[in-house]
Each structure stands twice: as structure tokens, then as C-alpha cells.
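Sequence order for the protein chains is B and Z.
If you count the first sequence from 1, position 213 lands on 213 in the numbering used here, and the numbers rise without skipping.
If you count the second sequence from 1, position 286 lands on 286 in the numbering used here, and the numbers rise without skipping.
Note that the list lumps identical chains together, so a pair holds whenever it fits in one copy or between two copies.
Computed cross-link-like contacts, SDA-like style, restricted to lysine to any residue with a CA-CA straight-line distance of at most 20 Å:
#1 Lys138 <-> Glu466
#2 Lys486 <-> Pro110
#3 Lys311 <-> Glu449
#4 Lys48 <-> Glu417
#5 Lys311 <-> Gly463
#6 Lys217 <-> Val489
#7 Lys295 <-> Tyr336
#8 Lys202 <-> Met220
#9 Lys217 <-> Pro201
It is worth saying that the hints were derived from the structure and are not from the lab.
2 protein chains.
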Amino acid sequence: MSVDAVGKTRRGRGARKAVRQKRDIKMLPALKRGIPLMEPMSAEQIEKIDNASLGILEDVGVVFRDPIALEDWKKAGADVRGETVHLDRGLVRDLIKTIPASFTYNARNPANNLPFGNDHSIFVPMTGAPYLRDLEDKRRNPTLDDLANFHKLSHMLPAIHSSAHHIVEPYDHPISQRHLRITYSSMKHSDKTFMGMTTSPKNAEDVMEMCAILFGKEFMLNNPVVTGNCNGNSPLVWDETMLGAMRAFAKYKQPVLCSPFVLGGANTPAGVAPTVAQLNAEALSALAYTQVIQKGTPAIYGHYLSTVSMKSGAPMAGTPEISLMNMMIGQMARHYNIPWRTSNTLGGAKTFDAQAGYESASTMMAVLMSGANYIWHSAGWNEAGMHCSMAKFVVDAEQCAMGYRMAQGIKWDDFDEALQAVRDVGPGGHYLGHPHTLENFQKAFFMPEMFDNNSIEQWQADGSVEINERALQRVRDLLNEYEDPKLDVAVDEALLDYIARREREIPAADALNQDL
Amino acid sequence: MSVDAVGKTRRGRGARKAVRQKRDIKMLPALKRGIPLMEPMSAEQIEKIDNASLGILEDVGVVFRDPIALEDWKKAGADVRGETVHLDRGLVRDLIKTIPASFTYNARNPANNLPFGNDHSIFVPMTGAPYLRDLEDKRRNPTLDDLANFHKLSHMLPAIHSSAHHIVEPYDHPISQRHLRITYSSMKHSDKTFMGMTTSPKNAEDVMEMCAILFGKEFMLNNPVVTGNCNGNSPLVWDETMLGAMRAFAKYKQPVLCSPFVLGGANTPAGVAPTVAQLNAEALSALAYTQVIQKGTPAIYGHYLSTVSMKSGAPMAGTPEISLMNMMIGQMARHYNIPWRTSNTLGGAKTFDAQAGYESASTMMAVLMSGANYIWHSAGWNEAGMHCSMAKFVVDAEQCAMGYRMAQGIKWDDFDEALQAVRDVGPGGHYLGHPHTLENFQKAFFMPEMFDNNSIEQWQADGSVEINERALQRVRDLLNEYEDPKLDVAVDEALLDYIARREREIPAADALNQDL
Chain B
1 MSVDAVGKTR RGRGARKAVR QKRDIKMLPA LKRGIPLMEP MSAEQIEKID NASLGILEDV
61 GVVFRDPIAL EDWKKAGADV RGETVHLDRG LVRDLIKTIP ASFTYNARNP ANNLPFGNDH
121 SIFVPMTGAP YLRDLEDKRR NPTLDDLANF HKLSHMLPAI HSSAHHIVEP YDHPISQRHL
181 RITYSSMKHS DKTFMGMTTS PKNAEDVMEM CAILFGKEFM LNNPVVTGNC NGNSPLVWDE
241 TMLGAMRAFA KYKQPVLCSP FVLGGANTPA GVAPTVAQLN AEALSALAYT QVIQKGTPAI
301 YGHYLSTVSM KSGAPMAGTP EISLMNMMIG QMARHYNIPW RTSNTLGGAK TFDAQAGYES
361 ASTMMAVLMS GANYIWHSAG WNEAGMHCSM AKFVVDAEQC AMGYRMAQGI KWDDFDEALQ
421 AVRDVGPGGH YLGHPHTLEN FQKAFFMPEM FDNNSIEQWQ ADGSVEINER ALQRVRDLLN
481 EYEDPKLDVA VDEALLDYIA RREREIPAAD ALNQDL
Chain Z
1 MSVDAVGKTR RGRGARKAVR QKRDIKMLPA LKRGIPLMEP MSAEQIEKID NASLGILEDV
61 GVVFRDPIAL EDWKKAGADV RGETVHLDRG LVRDLIKTIP ASFTYNARNP ANNLPFGNDH
121 SIFVPMTGAP YLRDLEDKRR NPTLDDLANF HKLSHMLPAI HSSAHHIVEP YDHPISQRHL
181 RITYSSMKHS DKTFMGMTTS PKNAEDVMEM CAILFGKEFM LNNPVVTGNC NGNSPLVWDE
241 TMLGAMRAFA KYKQPVLCSP FVLGGANTPA GVAPTVAQLN AEALSALAYT QVIQKGTPAI
301 YGHYLSTVSM KSGAPMAGTP EISLMNMMIG QMARHYNIPW RTSNTLGGAK TFDAQAGYES
361 ASTMMAVLMS GANYIWHSAG WNEAGMHCSM AKFVVDAEQC AMGYRMAQGI KWDDFDEALQ
421 AVRDVGPGGH YLGHPHTLEN FQKAFFMPEM FDNNSIEQWQ ADGSVEINER ALQRVRDLLN
481 EYEDPKLDVA VDEALLDYIA RREREIPAAD ALNQDL
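Only chain B is shown next, with the shape it has when bound in the complex (with noise of 0.2 Å):
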């Protein structure tokens, strides 16, 4: 085939630095889907696991190990006998209902700002690595450095729509005052969304109050500026760590995903659709908590999904039931109205192999079909969760933004004019130079920069690079190249005056890394 007429001119040292110098960082929007949801129940079996659920919550209730939630449920007339809420399907239904179903979720750059929920969909990168695989590719645990590091790629990766929070766990600062700084890094590396950590009632007020900072207090109590993550303890449990941060969140209206987590068959029923009507009745009894909080504060479905191997205890990803799960709890979830979260890119892979790209990609595949709109863990996930690759983070931001094409779907608008090309070229003809051709390839069809498609002869004279490498070259020339999104010098300070103060504060931990 010639390439003349197209390929030419783009090869080379020279060519790689051109295409370098003009690297399109710029955000892309939220996604906004233009293929149809992949939903397997019929509305029967959406009602099915509706009325299980709803069951679960009346007969077997849902323990809250915190004492103020129990007062809160007493007073919002729930049967409350112990530790243990009996929901009645009357009053949750009541609740649910003030959940928005759709917000705008603010960034403090307004150009970032994402349309939330319906039909769009956010990536959000992976978060709460211990350790990172590094430039050198080596397992060790990360330093602030590496944080700001995955801030300032979150930042520059087009089809990431956050930085996050505590992507990997900086180990080189106190545990007590980690948060701080990690609220600090999202904030000041990228001028995307982030997320706001959960980890204590305490520490989620600390990034209430930097965030009143960064967007003004007022601003704050009626706009979405930050999501935070509260993870259930399944089976039907909420503990008062979580439900601590979700009132933190809850009193500035700032949405909380609220997160059963499934360990299929472990902490959930061995099956599908039980484990699904399991997690549902634990959504069901957070978000319903957050209204009894705050009327009206946005509230997102959540979960995290595994199923675990018989064979070793194992939590396994990209199994077919998990995808399975989420297309099941996307139907759920729009059944009430309500914004969901999914886990993209899961896997249990040790180094950035090739179970790590099929594990990464049946789940991305998954969860487009479904229709979720924060899709969490998108970029870096590997070893379920143990470490977070620096080389797999820009080749899955890149699986984002092919996932973003594809979810768009089909172009109509130069139809006709592309007819016309047919009737040019005739048979036996090609489409290379063809008018059309020069004017749309670009935008037809997607040309992945971190997958290699030359001839094997072409691979090996540049040096039989296998994607590992290539992509820790990415990340390399990233850095490089990463300029500061600057922050208002008055807000910078006052976040830093604010961290100084909070570290006087709140005593450092004896050893750094006690939690982990």
C-alpha cells in the first residue's frame, strides 16, 4: 500500500518532535454517550431485585456502627433495634427521591467543569496505591514526588477528567497529615476536578475547608466542587469512619459515593443476581442516609466489585460476572434516578503484562456498554489495587479516550460526501488521496500513539520495544513537558497557611507508614 500520500512526511526524529511539540493536553469534555446501554434484565427482574432488596432492608436491616447515624435514623422514623436499621421500602423510596440526578461538577479551572450524570460519563483515575511501579519500572512505595507526579499527568491526559486524590500513598509524610498535603497536590498539580479523601470525619472536614478556599464557601454550599468515597462493609454493614466523612461531605452538599464492597462470593451470595440485590439494599441504605443528612445533597451509587477465586481467597477482575454486575447495577441505578460509579481497569496482574491489558480492557469494554457515569480507577490500576503503574496510567488514559470514541458513536454528518468518494474511487481504485480521505482521516478513525502496529522489521530497528517501555517514555516526555496550572497566589498561600496551621495541630504519627 503507498503511504504518500499520508505517511510520508510524519516520520523520523523530526517528526516525532513536531508531533511532540504540539501535543493536545486539552481536556475532552465529559462524554456524552451515543451508543445504546447494554441492559440485561427485563423491567421484571429490575422489579425482582427492587423488591429483594427492599426486603433486605425491611426484614434484615442494615447495621450502622456509629452512633449519630443511629440517632439520625430514630428521628427520621426508621425501626432502629440496636445497632441494626430496619428501612421501611416507603421511607427509602421518600429519601432517594431528593437525590439529584444530574449536577455539574466544578473544577477550578471553569473550562474543566463536567456535566454530571444521565448520559455522560467521567474518567477518574485509579486511587489508594501503596506502592507504585516507578519510571524504573521498580515496586517501591511512593513519595509525595510521586504523587504530584500522577497529579501533573492526570493533569495533561486528555481523556482524564480528575486528578483524583491519593493516587498512590505518599509515604514520606506523617499518616495523620498526609491528606493535607495530598488535597494540596490534586488542587495545585492539576486544575481538573479531584476527589476529597474520606479517611476519617476529620480529615474529610480538612478538605471541606481547603476547598472552601479554593472555590469560596459560598460557591461551595451550592455547587459540587469535590466527590468523596465511602465504602460499605458487606455484607449490610456501615461503620463510623465512613459515615463520619459522608456527614463532613453531606453538610456542604457535596456529592458522596456511596460504595458497598463486594467480594462475590466471599461477602455476597454465590451468584449474580443475589449479589447484586445484596449490594443494591447497601447503596439503597447509604444514599437514603445522605438525604436524612442534607435533603438534596447530590449522592452517587456506588460499589466495588470483585468475585473471588475458590481456589486461593483471591479478589479476581475482568471476570465475566463483574461485568455482568455492572451493566445489572447501571439498570439499577437509573431504575431510581440516580448517578452511578463504577471501578474501570481492575486486575490482579503483577507487572504490566498482558493479563493486566486483557483485564483492563474487558472491564473498560464493560462498563461503557453499561452506562456508568464516574468511572473510577481508569488509569494505573494494577496488582488489584497494590500498586498503581506509572507505564500502564498513560496507555490506560489512552484506553479512556479510544472507550470516549467509541461511546460517542457513530459520525453521520459527511455521509453523503463520503458516497461521493466511493463513486470517485470506483473499483480496484484507494481512498489515499482522495479529498474526503486528506480532510476526515484524522477525526475517522482513532490511531492509538502507545500501541505499535509497524512491521515487525520496523519494530525491531527501533529497538524491540515492548509497551512497558514505550509508554515510560510517555510518561517521561509528559514530565518534561508538564507546565504548572498556575494557582492564584492569594489561594495558594492560604491553602499552604491553612496546612501549616493543621500540621501544628494534628500530631505526626510515630512511624510514617503505621497503616500500611
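Given chain B's structure and the hints, the job is docking chain Z onto it.
Then chain Z, alone, in the frame of chain B:
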């Protein structure tokens, strides 16, 4: 988490041996779809493609570079000008009406017969690789022994429904006679369905003769026993080799895959919708021709899809547009009520690295959602089809088993029983010891054997083995355990006699590797 209840007895070397002894190689029946289809086009958009394609067939026409086909078309009432056949939409619609919507695809072991078409899908391995990556992960030209090994693996992998044909090209046998040995190897080493060579009309006739020996000519004339692929030369050309092979198959009423060969942007317009319009025109022209040859002969709507990199001219796989086009082609094939073929696990990675994993899994998810009936290239494909990887072959096959499970959909049969487990276990409990769990665990959640989900400590203790090496070990184990699915002695002799006679008649090519 305690794994006592489910994990302990299966660990260690003894456990692995136990697993090996009882490995289940029984073929899964043809997948019967239990999830909805992903259909991104409205009825109106389907009409738009249909209308555009029929317009192309009428106005631009299709070149049939084959005197017999041109004569056939004249007799059938087409407007033939030189080599260009202009097809009236009424004629096309009339002709394709007689293509069976479904049939039984017969294997020599009737237990492995496959219902084909409608909501059934089958997984067929990759074919046509001029290289393999062998048991030592060395890239080299394959031999007949290598081909036999792939046929043996196909026989043993439960989700693989066919031994196909030249999975790899056997370079140690003269090209002019190779099709005989390839066909024999497919028939001999597996008792599943297989494919027939279409590398020339005469070769296709040899395949028909050999099938007549294996199945009996009478049976064969009334029952599909072998599938052949005919590629188009896009845009809008069918050549003599393919058309002659098509006639050889159609005369025996054996199903032919009519496969336009798309290098999106190079031999089609730069766009998803117009590419599908052209591809649809090409497929329809060949599908219609199968019915000119013999009314009622089974035919399969085929395609090979790649998009072309503007940077290098290289074909790309796993891209969003290929996923979208698969979904659209599925809709078109169903519009015409004709079963359809797609390609799975395509990719351009040079090794079995993460790129290969991403590409394969993205494509597999898309084609499963699209409802393809004949899912070709489902195992082993790498390097744009230039090599078949032994390691990837078994991992892909496990992915097919996982995709199979997902596409079967949700099981509801034990839903009430499982809900009772939620009541039994209650908040804060665990399910590992519950009778419902013990009874349902293995069927409830797929446990991939090629994925390592252990802790890093366990993985290191096991030798820090990445998936490529683990898979190669699995290949060795499978080949060690292989048992010959006995071929009737008289049939075997008759086949060998036929081959011997034909090898005397066909001159061996001067050089072994003249074609590649």
C-alpha cells in the same frame, strides 16, 4: 478473609496435579446468547446504509474478475459492462432471500455439531499465520508438526468450536500440495468442525473430495460440514481465485464466508458509516452470487476489518471504529436475515505483551456485544496476523470461555435460595461456609486459570512468572495430555490414499516457501 472452607485443599503441587488429571476438555455447546445486542443504528440508519449500498451496486457496480462469474451474472439478468457488474436492488434482494438464516454445522463427532446462526455464536481459532511463536517463544516459520499441535490444542480447549485449517502455514511441505496436509491435519487431530482451504479453485475441490470421504458425499450435499472464506479486494472487486473457490464450495452446498477486506481509510472512505456502506455493498454482491451458483446454498456475511494508521500505513486493531463497525455490520446482517462472521482478538503487538491483551479483549467484548455468529480468529492472533502465539492461543481460548459465560447472561434459577443465604448470614457475616455458597461457587463465578490473582508474595514464591510463561506451560501440559480422537481406520486410509494420489498428480513447487 478465611479461605478454609474453599481454598486449602487445592493448593500446592499435588493439587495442581489433581487439577490436571481431571481437566475438562469437553467442548462447550455453541453459545446461545442471553444478553441483548448492542445496536447503535436506528431503523432509519439501517435503511440509510442499505439504500447507499444498493445504490453503489446499481450505479458504481462491482468488478468480478472472472469470466465464469460474468457469464453467470449475465444469465441471472445483471447489467454486465466489461468486468463490471451492475446489480439492480430488486435482483440483489431476490437472490439473498434464499440464503438460510441458520443451519447445523456438522463435525465428524456428532456430539460436536453446532447450531449456527440467529442467536448462536461459535469461536474459531486464527488462521493463516506465516510465523508462530513457539514453545520457547521463538518466532520462526511453522511446520506440519506445529500445525498439528495447534489442531490438538483446538481439540482440547472447551470454548474453541473448530480446528479451522491452516492456523499456521506449514513451511516444510510444498505449497502446491500443502492444502491436502492441512485439511488432513484438521480432520485427524480434532473431531470438532473445521474450515476448508480456498487458496485456489482446485484446492477447494480437493477439500470437497476429502470431506466427501470423511462425511460421505450424500450427507455432505445436504449438510454443511466445512466452511470456506473468500476475501474481496476492496473496493468493489472479487477475483478469479476466490470466486472459483466459492463455486467449488457452493456446488457442494458448503457455507462460504463472503468477506470484504477492509483497510479502513485506504480501501474505504475515511469514516465508519460510509465504510460500512461500501463493505455492505461488497458483501451483498458476493452473497447474491452464491445464490446464482446454487440457490439455497448456505452463505455467511463476512468481513475483515482494520483501520489504517495515517502515520505509517499500518493496519490497526482494537480501535473504537472497528468496534462500532462490528456493531453496525451485525445490524445489517440481521436486517438481511443472514448469519455473519467477524474477527476476534486481532492486534498488532509483536510479542504477547499488554498491547496484545488490550487489543484482544477490546475486540472480543465488542464482537460479543454485536452478536456475531462466526467469531473467527478467536485464538492465537498477534502481529497483525503475521504470527500465531502458542501462549496467546490458550489465553485467548480462556477469554472465549469467559466471554461465553458473560454472553449467556444472568442466571436466576437459585435466586430465592440465595436470598435466604443473605438472611442466614446477616450483617457482618461471611458466606464462605454457607451451604448455598459451597454448592454454587464454581458455577457462579468464573475462575480464570491463566490469570494470576495471588498476592505478590505468593507470585514471587512461585517464581515471578508472567502470563506468557504461564501460558506456555499450559500449552506443554495440554500437548502432553492430548488424546487422539480416533478417526475411523478405513476413512483414515481413504484420506491418505487420496492425498497420495493427488500428491503424485500435483507437481511440488520448486521452492518450499515461494508464496511468502
